[in-house]
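**Q** Taken in order, these protein sequences are the chains called C and E.
In short: position in the first sequence from 1, add 4, done, that's this note's numbering.
No gaps in the numbering here: position 179 of the second sequence is 169 in this note's numbering, and each next residue is one more.
Because the hints were derived from the structure by calculation, they are not lab data.
Hints are supplied without guarantee of correctness; some may be wrong.
Derived pair list, reagent style DSS-like, types lysine-lysine, alpha-carbon separation capped at 25 Å [to be verified]:
(1) 61(E) / 505(C)
(2) 514(C) / 445(C)
(3) 481(C) / 61(E)
(4) 61(E) / 445(C)
Keep in mind that this is a model prediction, so the values were computed, not measured.
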Amino acid sequence: MEHKFQINLGGIIDLLSNHLYSSPSVYLRELLQNGVDAIRARQHDDPEHVGALRIELARTETGTPTLFFQDNGVGLTEEETHRFLATIGESSKRAVEERRADFIGQFGIGLLSCFIVCEEIVMVTRSARAPDVAVEWRGRADGTYTVTTRDGASASIGTTVWLQCKPGCEEWFEAERIEELVRRYGGLLPYRIDFVTATATKELNDRNVPWRNRYESRSEEWNALMDFGRRTFNQDFFDCIPLHSEIGQVTGAAYILPFSPNPTAKRAHRVYLKNMLLSEASENLLPSWAFFVTCVVNTNTLRPVASREAFYEDDTLQQTREALGGALRDYLIRLRRHDPQRLQALISLHYRAIKSLATFDDEFFEIFIDVLPFETSLGRMSMGDFRTRYAPVRYVTSVDTFRQIAQVAVSQGLGIINAGYSYDADLIEKLPDVLDVEIEKIDSVDLAENFEDLMPEERADIFELITVADLALQPHKCRSDVKKFKPVELPALFLVNDETKFLRNLEQTKQVSNDHWSSILDSLAGSSSASNYAQLCFNFSNPLVRKLARVTDRKVLRTAIQMLYVQSLLMGHHPLNASEMALLNTGLLDLIDLSIDDSNEGGWVQ
Amino acid sequence: MSPDEVEQLLDELEELDYHERLPLAERAVQLSDAMGDERLAWQARFALVTAAVFGGVPEKALVNFAWLESKSAQDPERFPASRAVGGLFLSETDVLWAYKWVGLHLAGFASIPRPEIESVLERMLEQYTKHNVSLRPYWLTLARAQRDLGEPTDVVLASFAKSIAAPRDAYADCVACEWNARVEMALLAEDIDEAVRCAQLILDRPYSCAEVPQLTHSAMVVPLWRAGLKDMARMHHKRGYEISKSNPEFLTSIADHLDFRLLDSDWEGAVDLARTHEKWAAATRSDYRRLRFLVSVRALHRMAPKPAGLREFGDVADVDHQVSQLVARFDTRNGNDATSRWLAERDATFSA
């Protein structure tokens, strides 16, 4: 035997009105949406009809705030009035997909949200399709309702909803709040919205939306768009770009931020669906590289997800995104070709976004790469300037490595780009393919290969130094070498590449690991042919190192080498571990001791 | 640098994309170690493991997880393996959670012997059992490891069945990942209808996280093409590549997208894609990740007329040689010929 669920309508209404919606403010959004849909339905029958909405705030004799919300839309017949509540229980899928097409079902769901702020809703409606009768519907939060009819002449065509504020909801009936909410949700609606209070009547919506107007000139359009952006976001922008896409039926404008944004910060766009505010934090409308703009757009066909903060990732959205991204890309290329000064200003703020686009767009890369800035061993400069001075284009892929070798590179007369920042390495690595430019990725070990070898007689002089250094540095997994390099002021350079760093880290982990992990780590390291030893390269061009090579006291020599090791770590921005910190402490004391001990005649060579 | 500054560094890196976090996380670990601050080093290593897993450098995740797991084993009071509250709420990554990541990547290193991989999985089982939490993640991790070690499909699917039969708790993957696992397993079972259903569900909801739907899109492209659903395959390729192309973690997904372009006879697109991402494959220490990309490059050499501009892996003979070597190493390590069979099956699809 088949049974039927018993539905507690009062409970459903409570669920919908108090839990489904995120804020009581949605009651106004839903009233606006109902009014707009009713007007559209009437315009469908009568294209000449001029839609209008009127909101009136009053108080009862006892001072309770009361809101009248009136539209001159198509209105409801008595049969439709009964039917609209019958559709509440239909599936959410239907609600999403057919809501726009089903005026009645949508009307009922929207009206229910008013129970968030009132106990009873009174609706008087007169249908344009059956104007002889007006219908009064009274619904209560317990799920009961009554319907009465009266003569059509007693009401104008359309619908008026009457809400009396329930205790505790007064803030949602304050004139300023209502004004703010109506402007927010319905600011772009093409129908006049009047707001009537005891003291004034004012029109709330800005029907002067720039992309609906025609302009005599581009500058006039630009001024209108910039003004609209300023009013909408309450801030000035660097520039604006009109947006239009047939796919998704999107129209609006992108505003270039007047500051450098964090690339990973979510860019919230203000999106209207059929001119009603859908979201002020829509995320996936523009390509990921377009983080330098915020936009305001209206779409007629994109499908929002339930949270309203994004659109469904479907082909329409993808094509829309490509079209909007194309508009931004065209703008940038126009600037590059026709307004280099403005482009420079934009690049100084938004080079990251431009680099992001250039990473995966060869044509754009070719146009822009030479004006994009990079940090180099000679300061910040454009790729164009850099590659006219240095060939091949040498770069390092980490900020740490750059810090460690920049000074030495400059002294060697080498230009090096710090490609440790987002996109930089990817861009440089495109140079050979797109522009046939030679590139060379280097690290500190590679750099040292350019250092000058010692003459055979000089090598004999440093035998003792190397021997003592290897012994002194062995506990720190470091070998030594001696070369000549610039700057001569630098006595030694600590050299380590990524592979060695990885193996050193692995080795360090093994010290604290149990046998089980130790064996796995050995297996992991097993495939590497690299050494886990770093290198301390002494600079034989440095006078101190030459002196050291002549020191005969091994204890003194050892202490000096250990101190140079620590100093080279500090110069290279390598943090000191506990044993290195201990070297520093004891080494300093030893050196002080040596320097004041008169009897130490076999020590320092004067 | 003070501990406060390291903590600030750790906060700052949360703002970055995963693959960009790694240098900062490594710096935080170095500094914490240098200060001898184990509590901070513990925190920094979790940040490093997370960045390494989701930034495509699994070897660094393994090394630093070894440190975390060992510390936890030595001093469980100070470094608890589980931070779950009541088994239902977990606000930060802990050792139990990170086991899932490590378990997923171990088999990708051909140099790690099979018994060592199996012993990590046993240790994971012990830890999950000891902390009295659901074995749902363990069975899923085991299923994936069995698949990667070349076990028969029915063995893998049996483990997966145990996973989905176990309750969800604080250690269960997010909903997006769980549906994606169903896609993976349906494809393994060659149940294309079920894979399409689950993938569509992910896209319709939409469910998303750090790896989904990127992994879903890439997993679907070739099976859909082979099933004759070319438009759907094209949709997955287009959407998937767009959201995967910036993060080296998706190297194997990129290989799937390269396969799609080959099947679609988009030679120029295939070369472009291979050229753009081959440096990721050259840089990875994960043998599986490199092999997966290389077999697609190998197909590119066989199918596309004179692919030009590839730099990292040499000519067709060099690529063939590297692929053969890697396949042999996996077969030897796994103790079966699953990787050779996989390559032969691919060759049947990707032939000139």
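**Q** Work down the list of hints and note, for each, if the structure agrees.
**A** Now for the hints, and whether the structure bears them out:
Of the pairs offered as hints, the one joining residue 61(E) and residue 505(C) holds, with about 22 Å between alpha carbons and a cut-off of 25 Å not exceeded. Between residue 514(C) and residue 445(C) the alpha-carbon distance is near 31 Å, which puts this suggested pair outside the 25 Å criterion. Using a Cα cut-off of 25 Å, the hinted pair residue 481(C) and residue 61(E) holds, with the two alpha carbons roughly 23 Å apart. Proximity of residue 61(E) to residue 445(C) is assessed by CA-CA distance (about 37 Å); at most 25 Å being required, the pair is judged violated.
The structure does not agree with the numbered hints 2, 4 stated previously, though it agrees with the rest.
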